[in-house]
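Novice: Given the structure of chain A, go ahead and fit chain B onto it with the hints provided.
Chains as they are written, first to last, in this note's numbering: chain A, 150 to 318; chain B, 4 to 239.
In short, the hints are calculated from the structure, not lab data. Please note that the accuracy of each hint is not assured.
Calculated cross-link-like contacts (lysine to aspartate or glutamate; reagent style DMTMM-like; alpha-carbon spacing at most 20 Å) [stated by the list, open to error]:
| id | chain 1 | residue 1 | chain 2 | residue 2 |
| --- | --- | --- | --- | --- |
| 1 | A | Lys-314 | B | Glu-41 |
| 2 | B | Lys-13 | A | Glu-253 |
| 3 | A | Lys-260 | B | Asp-12 |
| 4 | B | Lys-38 | A | Glu-186 |
| 5 | A | Lys-160 | B | Asp-9 |
Predicted model, so just to flag it, every value in this text is computed and none were measured.
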Amino acid sequence: MQVIDWQVVVKKYGPIVWNTAYRLLGNHADTADCFQETFVCALEVSRRQHVRHFPALLIRLATARAIDRLRKRMREPNISADMTICTTVPGDNPEPSQQIQTQELVIGLRKALCQLPPQEAQVFCLRYLNNMSYRRIAKELGIKNSTAGVLLHRARTKLRELLEKATVI
Amino acid sequence: MDNPKDILDKAINALANTDLPPGPPPELTEATVAKLAETTRSSQQETGTIKITDRTRLIKGPIKIAAAILILIATGYAIGRLSASKAPDIEQLQAALEPAIRQNLLQEMDRYWQVSLSESYAQLKDELQQQYRRDLSDFAIQTLSASSAVTNDRLQELIDAINAAQTQDRRWFATALSQIEHNRLQDKTQLSAGLETLALQTEDQLQRTRRDMVQLLSYTQPSSQIPNKSRNSNNK
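Isolated chain A, as found in the complex (with noise of 0.2 Å):
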């Protein structure tokens, strides 16, 4: 059995699980559940495999604990992913209208990922939030690397859709 010293894994990985979790959540209280969720689970995995690369393996778990989150979100009828631009740091737009182009553009896009299937939404924020190769995708979610890639293309083809029709409306 893999002997690990948690206290040195949740110090060191710490702050990529939790920009991981927060860039997609967006909000404080979430994004620490999400945290916590994210390590429980990494033990578990821990207990059933050896694992040999835990910053992928925190990034993936966070990423997916951060998309069920986002979409129990979107599916309760009270909260829905809008209360994320109260919360959310705004960027380095000098103008305020680009600024709320870009929170409206990043709603769009966290709404839009929620619509998709788990898998899609995991390759394509694995991709393109946290710079994974395409490699590593695949190695982490246990699939080809041509899946990794059939998948992205979907999602990406799905979210480009999705953000139009949301523009338009």
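Specialist: Quick look at chain B alone, frame taken from chain A:
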């Protein structure tokens, strides 16, 4: 930075470049570590206890194997009983087996005696060797002690003789010294007596000489003879 025309690229760009607050907060890290420790502990407790279903699953296997073994034994026993031949003639069997048994017994007895004799011979040899060594060592000890006692006696005699000779020498030396002293005293006495005698004689001689001198001085010559004599002496 490039501004992509595609809406998806724009959205990806916006989401990827979203400013993120520094994190995680330390209390969240601590809480996560505590939760992980708690989860580990609870899972260890769960693994320590075995559920009833697991137990029955564990027991089922050995029971099956034991049952199969019992069936095999029973089948083998039954086949053996059924296929066994009738009881043989005991006397014929005895007559056939007795010479061979006797022969074997004799051979076994011979082997046993040979083995036991060889063992006793080896044991006796060892004991004799040990006894011989013990006797030799005792003799050596006694000889050494006797020779050392004789040597001590001889040495004591030699020491006594040397002491006696030394005592005799000292005695002779003392006698010689006393004789020398006696001779010295005697010589001294004689010498002093001789010196005294010499002194007395010398004194007497001196007294006599003085008297002669006095007589000589007191003797007076006639006056007529004196000038002539003096004149004659001057002419000469």
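Novice: Tell me, which hint numbers fail for this structure?
Specialist: 1, 5
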